[in-house]
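Student: The listed protein sequences derive, respectively, from chains A and B. Quick note: the first sequence, position 305, residue 305 per the working numbering, numbers continuous. If you want the working numbering, it's the position in the second sequence, counting the first as 1, plus 329.
Derived by calculation from the structure, the hints in this document are not laboratory data. Each hint should be verified, as a subset may be incorrect.
Derived, one-sided and incomplete: chain A residues facing chain B with beta-carbon distance under 10 angstroms [said to hold, decoys possible]: (1) G19; (2) C153; (3) H270; (4) G328.
Heads up, the beta-carbon is just placed ideally off N, CA and C, and yes, glycines get one too.
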Amino acid sequence: MEGGTMKKRGVGVGCMWYGIGNTGVPNPAGAFVDFLDDGTVLVLTGCADIGQGSSTVLAQIAAEELGVNMEDVLVVAGDTGVSPDAGATSASRQTYISGNAVRLAAQQAKQVLLEEAAEVLGAPAGELETASGFVWRNGERTSLALEEVLSRCRAKGKLSLGGGSFNPAATQLDADGQGVPYATYSFATQVVEVEVDVETGKVSVLRIVAAHDVGRAINPAAVEGQIEGGCVMGLGYALLEEVRVKEGKIENPALSVYLVPMSLDVPEIHTIIVEEEEPSGPFGAKGVGEPALIPTAAAVANAVADALGVRFYELPITLEKVVEAVHGS
Amino acid sequence: MNSESRGGKGPELTSFPEGPGFRVVGRSLPRVDGTAKVTGGARFAADCKLPGMLFARVLRSTVPHAVLRRLDAAGALSLPGVAAVFTAADIPGNNAVGIIVKDEPVLVETGGRIRRIGDPLALVVGESEAVLEAALAKIKVEYEELPPVFSPLEAMREGAPQIHEKGNVQSVTRIKKGDVEAALAQAKFVVTHRYTTQMVEHAYLETEAGVAAVENGLLVIWVSTQNPHYDRREVARVLNLGQHRVRIVQAPTGGGFGGKLDISVQCLLGLAAWKTGRPVKMCYRREESMIASTKRHPFVIDYTSACDGEGRLLAVKVRIVGDTGAYASYGPPTLKRAAVHATGPYEVPNVFIESFCVYTNNPPAGAMRGFGVPQIAFAHESQMDLLAEAVGCDPFTIRLRNCYRTGSVTATGQRLTASVGIEETILRARARAQELGIWRGEP
């Protein structure tokens, strides 16, 4: 008991790993890139941005590959009338899989320009790059502007288009469950500090340290956002949320009785981005969408056990269960 | 078109280093949809209004297991403002959807099986939303109730009510590595517990919503979704149209977390628009969203783990039963993924894991952020702490002693060759926890 109150503190650790992409089945994504006359770029992708930020990440990947600013990229996403199939926005797969597809498409579009530039400069295309509106040779800026290369291409009837598709290198599991279910994995460790009021049973999560290996963070702020949101969703899973079903009927189908964490429930979250580069990822990236949430409930349960000396084997760890465990024993 | 991604030639970002090298990747640049979202400019499906637009709502079953004997919509059709009532008989193509198994009817046929409370029976289409509620109340339904089963453990037993033709066990995954029984016999510490996890709701901010219209012979559906190309396959098959005649446009989507990977309004909207020739809109209310949508699988996990005197893992034996409810949805891959991840990020020489995806008459469970891994992580991480207590070491130490490193071999026999960051995350999380005074143990 701290300071004579009925509150006990505890610390818990949760680790996780998570395979990126669908489990042991092909799950490709495709993308198209059109390098337009004025040096701006159109990316067509089937990848549905559901708020997680994939259109932003794909714009960054295309911009990086083509050497343009992100503002010069338009991502048209999730329209089956114009964009190729990118599979589901699920399995934390879109940064890795659609990211690779967009990068490959951008490389193909860029190749048209580089071959044209190679002719103008009398240099092998392999020594050339595009960046900041110019063609670069072995890291040195040349005087050849990107728009000039584009206009030379157009004068010759060449469009700078690219298509790419990527399927992760996974295999089906055999009868003994042996195989390569995923091409790569993300990893994480979260440390959770709780304070448990043994009188009321309330578990307050005070602080979370969340260290996530994402390969490379294409957009660190977006990664942090995913981790913070995941932690909060994990708190709901650990402590609050339960769809109560009786005889097949949901008893609490309303947000007034199905409680999710609110802003006042959000603890201090210290995110740490670990970048163990994935060689097959776009610029080394893996994924973070689901890993963000996975270790949180486990770490909370371990922290509660540390605080009380009583372990719960059933989620969620509600006030009633805590009170019963403390006073019933 | 996704109207939110605003391109165009932007200002030069002078802070970027010139030339090749990372200029854009690795930077916390603003989201392409950020302005539209924070200013309220994003137009969600619920904001959409088209001239001549109709509205639709679903009649759902109130019993968990039954045969639909009769459905009489005459009362609803006689109401002014009701444009149509559609049933399974109106579906021109294949009346079955599902990402892995096509086991879920778009609308239950007369004589067909109801498998959960909330199964769709009929679609009412009207000139206003106001008329729909009254119309639903006027549809007469007769059920022949069947004995239900709500516990997955009971559903696995012989003689349990059969929910689908092929039996209640939808899928089984087994993973074997080494000799678990021999390792358990020799281990210094063995810990066994049963862990149970609950059903949870995705609770995305925006409920399921969409608008469909027929334009120049094409069926266009503007919908909140996580997988427009899957939606296209299903709508085309259900309506017996070529895939090229169905265009799914993802509307700005207010969260999904896996719950918008399933078909919700897509096929029903397509049916109503195709049949009436008019635009049709459908938005679930929160209650309907919570009743109709899939959930996170509740798991029962029997977990045994064993280690030597220093806390080195010797064996892990796990049995997982997941309640997928009335329909498979993403249940089979959820249970397969849980099995693959059941050891946690630790190298274990002897492993036996079994997972079962089981039908019941409960609300269906499907994909939800983590796909079975949050459930199994609760179990494997509790076990790691229990082993640490038995050995007498702290929770970081036992994890560092066992975690994957480059060259480790997983339970499925996969050798990890690159990008294995678990050790680094443990070390960095521990260091930060110490700095903050959260962790006061050994460095």
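Student: Restraint: H270(A) near chain B, CB-CB cut 10 angstroms. Satisfied or not?
Tutor: holds, 6 angstroms
Student: Holds or violated: the hint that C153(A) contacts chain B, with Cβ atoms closer than 10 angstroms.
Tutor: This hint is violated: C153(A) lies away from chain B, its Cβ roughly 19 angstroms from the closest one there, beyond 10 angstroms.
Student: Does the CB of G19(A) sit less than 10 angstroms away from some CB of chain B?
Tutor: holds, 7 angstroms
Student: With 10 angstroms as the cut and Cβ atoms as the points, is G328(A) at the interface with chain B?
Tutor: violated, 18 angstroms
Going through the hint list in order, the structure does not satisfy hints 2, 4.
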